[in-house]
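Fit chain B to the supplied structure of chain A, relying on the hints for placement.
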Amino acid sequence: MPCEISRRRMFARITIFAGAAIAALAGVPVIGFVFAPLVKPATPQWRQVGTRDSFQIGQTVKVEFSDPSPLPWSGITAKTAAWLRRAGDNEFVAFSINCRHLGCPVRWVDGAKLFMCPCHGGVYYEDGTVAAGPPPEPLARYPVRVQNGQVEIQTSPIPLTTFKS
Amino acid sequence: MIRSILKSGWRFIDDRTGASQMIVPIMKHIVPRDARWWYVFGSAALCCFMMQVVTGIALAMAYVPSSGDAFDSLRYITHQAPFGSILRGMHYFGASAMVLIAVMHMAQVYLHAAYKYPREMNWMSGVVLLLFTLAMGFTGQLLRWDANGVWSAVVGAEQAARAPIVGPFLAHMILGGDNIGGATLSRFYVLHVFIFPALIFAGVGLHVMLVLRHGISEMPKEGEPVNPATYKRDYEARLKKDGVPFWPNAVWRDAVVSLVVVIGIVVCAIVFGPPVLDKPPDPTSLNVNPSPDWYFLFYFAVLSMLPANLETWVILGGPLVVILVMLFLPLMSNRGDRAPSRRPWAVAVLVCATTAVVILTLYGRRSPWSPNFAAQPLDAQVVGTTTGPIAEGARVFFDKGCIYCHDVNGDGGQRGPNLSRVGDRLTEAELIIRINNGGHNMPAYAGRITRDELSTLVTFLESRRVHTSAASAGP
Numbered sequence: 001m002p003c004e005i006s007r008r009r010m011f012a013r014i015t016i017f018a019g020a021a022i023a024a025l026a027g028v029p030v031i032g033f034v035f036a037p038l039v040k041p042a043t044p045q046w047r048q049v050g051t052r053d054s055f056q057i058g059q060t061v062k063v064e065f066s067d068p069s070p071l072p073w074s075g076i077t078a079k080t081a082a083w084l085r086r087a088g089d090n091e092f093v094a095f096s097i098n099c100r101h102l103g104c105p106v107r108w109v110d111g112a113k114l115f116m117c118p119c120h121g122g123v124y125y126e127d128g129t130v131a132a133g134p135p136p137e138p139l140a141r142y143p144v145r146v147q148n149g150q151v152e153i154q155t156s157p158i159p160l161t162t163f164k165s
Numbered sequence: 001m002i003r004s005i006l007k008s009g010w011r012f013i014d015d016r017t018g019a020s021q022m023i024v025p026i027m028k029h030i031v032p033r034d035a036r037w038w039y040v041f042g043s044a045a046l047c048c049f050m051m052q053v054v055t056g057i058a059l060a061m062a063y064v065p066s067s068g069d070a071f072d073s074l075r076y077i078t079h080q081a082p083f084g085s086i087l088r089g090m091h092y093f094g095a096s097a098m099v100l101i102a103v104m105h106m107a108q109v110y111l112h113a114a115y116k117y118p119r120e121m122n123w124m125s126g127v128v129l130l131l132f133t134l135a136m137g138f139t140g141q142l143l144r145w146d147a148n149g150v151w152s153a154v155v156g157a158e159q160a161a162r163a164p165i166v167g168p169f170l171a172h173m174i175l176g177g178d179n180i181g182g183a184t185l186s187r188f189y190v191l192h193v194f195i196f197p198a199l200i201f202a203g204v205g206l207h208v209m210l211v212l213r214h215g216i217s218e219m220p221k222e223g224e225p226v227n228p229a230t231y232k233r234d235y236e237a238r239l240k241k242d243g244v245p246f247w248p249n250a251v252w253r254d255a256v257v258s259l260v261v262v263i264g265i266v267v268c269a270i271v272f273g274p275p276v277l278d279k280p281p282d283p284t285s286l287n288v289n290p291s292p293d294w295y296f297l298f299y300f301a302v303l304s305m306l307p308a309n310l311e312t313w314v315i316l317g318g319p320l321v322v323i324l325v326m327l328f329l330p331l332m333s334n335r336g337d338r339a340p341s342r343r344p345w346a347v348a349v350l351v352c353a354t355t356a357v358v359i360l361t362l363y364g365r366r367s368p369w370s371p372n373f374a375a376q377p378l379d380a381q382v383v384g385t386t387t388g389p390i391a392e393g394a395r396v397f398f399d400k401g402c403i404y405c406h407d408v409n410g411d412g413g414q415r416g417p418n419l420s421r422v423g424d425r426l427t428e429a430e431l432i433i434r435i436n437n438g439g440h441n442m443p444a445y446a447g448r449i450t451r452d453e454l455s456t457l458v459t460f461l462e463s464r465r466v467h468t469s470a471a472s473a474g475p
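As you go down the protein sequences, you meet chains A and B in turn.
Residue 121 in my numbering is what sits at position 121 of the first sequence, and the numbering runs on without skipping anything.
Residue 59 in my numbering is what sits at position 59 of the second sequence, and the numbering runs on without skipping anything.
Keep in mind that the hints were calculated from the coordinates and are not lab data.
Please note: incorrect hints may appear among the correct ones.
Below, computed lysine to any residue pairings styled on SDA-like, alpha-carbon distance capped at 25 Å [to be verified]:
#	chain 1	residue 1	chain 2	residue 2
1	A	113	B	186
2	A	113	B	398
3	A	79	B	183
4	A	79	B	186
5	B	279	A	108
6	A	164	B	178
7	A	79	B	282
8	A	113	B	376
9	A	62	A	137
10	A	164	B	170
11	A	113	B	434
12	A	164	B	316
13	A	79	B	73
14	A	113	B	373
15	B	241	B	254
16	B	221	B	335
17	A	164	B	323
18	A	113	B	391
19	A	113	B	368
20	A	164	B	163
21	A	79	B	284
22	A	113	B	451
23	A	62	B	376
24	A	79	B	169
25	A	164	B	319
26	A	113	B	441
27	B	279	A	72
28	A	79	B	278
29	A	113	B	432
30	A	164	B	314
31	A	113	B	287
32	A	40	B	319
33	A	40	B	169
34	A	113	B	428
35	A	113	B	416
36	A	113	B	418
Partner residues are not named here, just some residues of chain A that face chain B (Cβ under 7 Å, in silico) [what the hints assert, rightly or not]:
#	residue
37	109
38	113
39	114
40	123
Positions of the beta carbon are idealized from the N, C-alpha and C atoms, including for glycine.
For reference, chain A alone in the conformation it holds in the complex:
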């Protein structure tokens, strides 16, 4: 009888082991496939957005450029935008279009020289600092440079407002 019990215990263990092995064999590639693109960040790229002289000093305009490594089927969603301000002769500031409150697209109201968010009324001054409303942080800035007369913006992730206790 003890022999039978230990046999049964062994059968049970074989079954559980086989099940776990099947799950692992199927699971490793599946989990790897699903999560790998998230763990490996895209390499930032410098994207040309126009010649330096096409921007007037003191003006804030929307510029469009492409994501760092768009998938072939991204279509129109491969594009992204930034608010570009020419602050001086060679001085440019590029703001993310995402409100720091919940990520909605802020728009530039030229008459008032303010960025306004349509969702919950976040407002920012032209230097990106918070003027009113719920945003906890100033607008994020993208790296920007002038190379051979061309203004270039470095692609960046959507700025995330994270937990601060």
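Here is chain B on its own, set in the frame of chain A:
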């Protein structure tokens, strides 16, 4: 002849599969006699789910789940495909009906305390099913991959990002990377079409199994509190005394109500049509005003009205606390009176929660906290003149974006105070201070308005008095 062949064929299948042995006892199980019109919501919710499965499968035959093509395929479904518009409408109103009826089902179970012993797990599995249903709603809204869909993904990711430690990871999971792009939509498609429906199927299976295991609760009666020691015995005895078979004595009401619901869904789909597609999903098109579908408007309103310093806590903790309280409700009280007349607090909770959600939903729909970018320059009739400093000031009022937040005689936003009669309230000096310095929800305009502009603006605002607002209110 044919009849007897069919009969013997069925006998063969039935004998080998055991179909009627399995199904007949389920269909004919005895239910309390008083299980009448109060008990129809669960099956109506299930019927909605089946409608969603059927219409969803049909839509998936034309829908292209790629970030670049989904919008065009939706346009095709809506404007060209035969029955496409009705089908999309049915899927949309079916979703609305499913949320609404699931909530009504839950309200009825709560009101009658049917979650008490031994049906605690029935309630808990129901709460989980409601969460899956809402998850289907959110992912479904997103699959309507227009500008609103794109920005819903961003807003969802930003909310998830507020979670401690795992926040950024969750946000990247939602976006499928650092940014909106090709991977975003595919992930939501998989969630909406495979993962959540599979979970709902499993959850419904468990839920129905539990209903069969413990039987449908009888109508609550005063003076018959639930006592776990004797409940099952009493329930069995009552069923034996005057129970009726589920098929057909009870099921016909379920069928009639489900039919009414389906007719409602189809009629709405034909009369109102599917939700209008917003602009294409172009992340560089910034003139959009993202807002959720109606069943999340109440939460949208809560988030909008919170003080900023509480926000992260509410975004994270609010849903968590509500879910945990709902989930564990039957474990907190699983015995005692079931009759609503003996549970005034439960009735009060239900009335307050319903009122709050309805008011917040209406408020969320109006969203007075959002600047009104659709505002047009003020009408000459409202301004009262077309020349001089008052007219100039009205132009400044528009150019500087004041009108997006401030209402003057019905034009403009609701975010800031209504300025239709501000001349009666504030002096010239007070107006200048407010405009230059701003307030906690108003930007300071010092430095972004010239002396002349400020002077005409103040002249215009000073002219907003009772008599001007009354004059322009005329025909």
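Outcome of the hint check:
Restraint check for residue 113 of chain A and residue 186 of chain B: the C-alpha separation of about 38 Å exceeds 25 Å, so the hint is violated. Taken as a hint, the residue 113 of chain A and residue 398 of chain B pair is honoured in the structure, with Cα atoms around 13 Å apart against an allowance of 25 Å. Simply put, residue 79 of chain A and residue 183 of chain B have alpha-carbon atoms about 14 Å apart, close enough for the 25 Å limit, and the pair holds. Proximity of residue 79 of chain A to residue 186 of chain B is assessed by CA-CA distance (about 17 Å); at most 25 Å being required, the pair is judged to hold.
Between residue 279 of chain B and residue 108 of chain A, the direct Cα distance comes to roughly 19 Å. Compliance with the 25 Å bound is thereby established for this hinted pair. Straight-line distance between C-alpha atoms of residue 164 of chain A and residue 178 of chain B comes to about 21 Å, which keeps the hinted pair within the 25 Å bound. Simply put, residue 79 of chain A and residue 282 of chain B have alpha-carbon atoms about 7 Å apart, close enough for the 25 Å limit, and the pair holds. Annotation: proposed proximity of residue 113 of chain A to residue 376 of chain B holds, straight-line Cα distance about 18 Å (limit 25 Å).
This hinted pair checks out: residue 62 of chain A and residue 137 of chain A have alpha carbons roughly 21 Å apart, not beyond 25 Å. The suggested pairing of residue 164 of chain A with residue 170 of chain B holds, with an alpha-carbon distance near 16 Å, which does not exceed 25 Å. Of the pairs offered as hints, the one joining residue 113 of chain A and residue 434 of chain B holds, with about 17 Å between alpha carbons and a cut-off of 25 Å not exceeded. Taking the CA atoms of residue 164 of chain A and residue 316 of chain B, the gap is near 12 Å; set against the 25 Å cutoff, the hint holds.
With a C-alpha separation of about 20 Å, the suggested pair residue 79 of chain A and residue 73 of chain B falls inside the 25 Å cut-off, and the hint holds. For the hint pairing residue 113 of chain A with residue 373 of chain B, the CA-to-CA distance comes to about 15 Å; that is within 25 Å, so the pair holds. Restraint check for residue 241 of chain B and residue 254 of chain B: satisfied, since their Cα atoms lie roughly 23 Å apart, inside the 25 Å limit. Simply put, residue 221 of chain B and residue 335 of chain B have alpha-carbon atoms about 14 Å apart, close enough for the 25 Å limit, and the pair holds.
This hinted pair checks out: residue 164 of chain A and residue 323 of chain B have alpha carbons roughly 23 Å apart, not beyond 25 Å. Using a Cα cut-off of 25 Å, the hinted pair residue 113 of chain A and residue 391 of chain B holds, with the two alpha carbons roughly 22 Å apart. For the given pair, residue 113 of chain A sits about 23 Å from residue 368 of chain B by alpha-carbon distance, which is consistent with the 25 Å threshold. With a CA separation close to 9 Å, the supplied pair residue 164 of chain A and residue 163 of chain B stays within the 25 Å bound.
Of the pairs offered as hints, the one joining residue 79 of chain A and residue 284 of chain B holds, with about 7 Å between alpha carbons and a cut-off of 25 Å not exceeded. With a CA separation close to 16 Å, the supplied pair residue 113 of chain A and residue 451 of chain B stays within the 25 Å bound. Distance hint between residue 62 of chain A and residue 376 of chain B is fulfilled; the C-alpha atoms sit about 23 Å from each other, no more than 25 Å. At most 25 Å may separate the alpha-carbon atoms for a hinted pair to count; residue 79 of chain A and residue 169 of chain B meet this at roughly 23 Å.
Proximity of residue 164 of chain A to residue 319 of chain B is assessed by CA-CA distance (about 19 Å); at most 25 Å being required, the pair is judged to hold. Between residue 113 of chain A and residue 441 of chain B the alpha-carbon distance is near 16 Å, which keeps this suggested pair within the 25 Å criterion. Among the hinted pairs, residue 279 of chain B with residue 72 of chain A is consistent with the structure: their alpha-carbon atoms are about 22 Å apart, no more than 25 Å. A hinted pair counts as satisfied when its Cα atoms are at most 25 Å apart, and residue 79 of chain A with residue 278 of chain B qualifies at roughly 18 Å.
Proximity of residue 113 of chain A to residue 432 of chain B is assessed by CA-CA distance (about 18 Å); at most 25 Å being required, the pair is judged to hold. The straight-line distance between the Cα atoms of residue 164 of chain A and residue 314 of chain B is roughly 13 Å, inside the 25 Å bound, and the hint therefore holds. Of the pairs offered as hints, the one joining residue 113 of chain A and residue 287 of chain B holds, with about 17 Å between alpha carbons and a cut-off of 25 Å not exceeded. For the suggested pair residue 40 of chain A and residue 319 of chain B, the alpha carbons sit about 31 Å apart, so the restraint of at most 25 Å is broken.
The suggested pairing of residue 40 of chain A with residue 169 of chain B holds, with an alpha-carbon distance near 12 Å, which does not exceed 25 Å. With a C-alpha separation of about 24 Å, the suggested pair residue 113 of chain A and residue 428 of chain B falls inside the 25 Å cut-off, and the hint holds. Distance check on the hinted pair: residue 113 of chain A and residue 416 of chain B sit about 18 Å apart at the alpha-carbon level, within 25 Å; holds. At most 25 Å may separate the alpha-carbon atoms for a hinted pair to count; residue 113 of chain A and residue 418 of chain B meet this at roughly 23 Å.
The closest approach between the C-beta of residue 109 of chain A and any C-beta of chain B is roughly 4 Å, which is under the 7 Å cut-off, so the hint is satisfied. Taking 7 Å as the C-beta cut-off, the interface hint given for residue 113 of chain A holds, the closest approach to chain B being about 4 Å. Evaluation of the residue 114 of chain A hint against chain B yields a held restraint, the C-beta minimum of about 6 Å falling below 7 Å. Interface hint at residue 123 of chain A: satisfied, since its Cβ lies 5 Å from the closest Cβ of chain B, which is below the 7 Å cut-off.
When the structure is compared with the earlier hints, violations turn up for hints 1, 32 and for no others.
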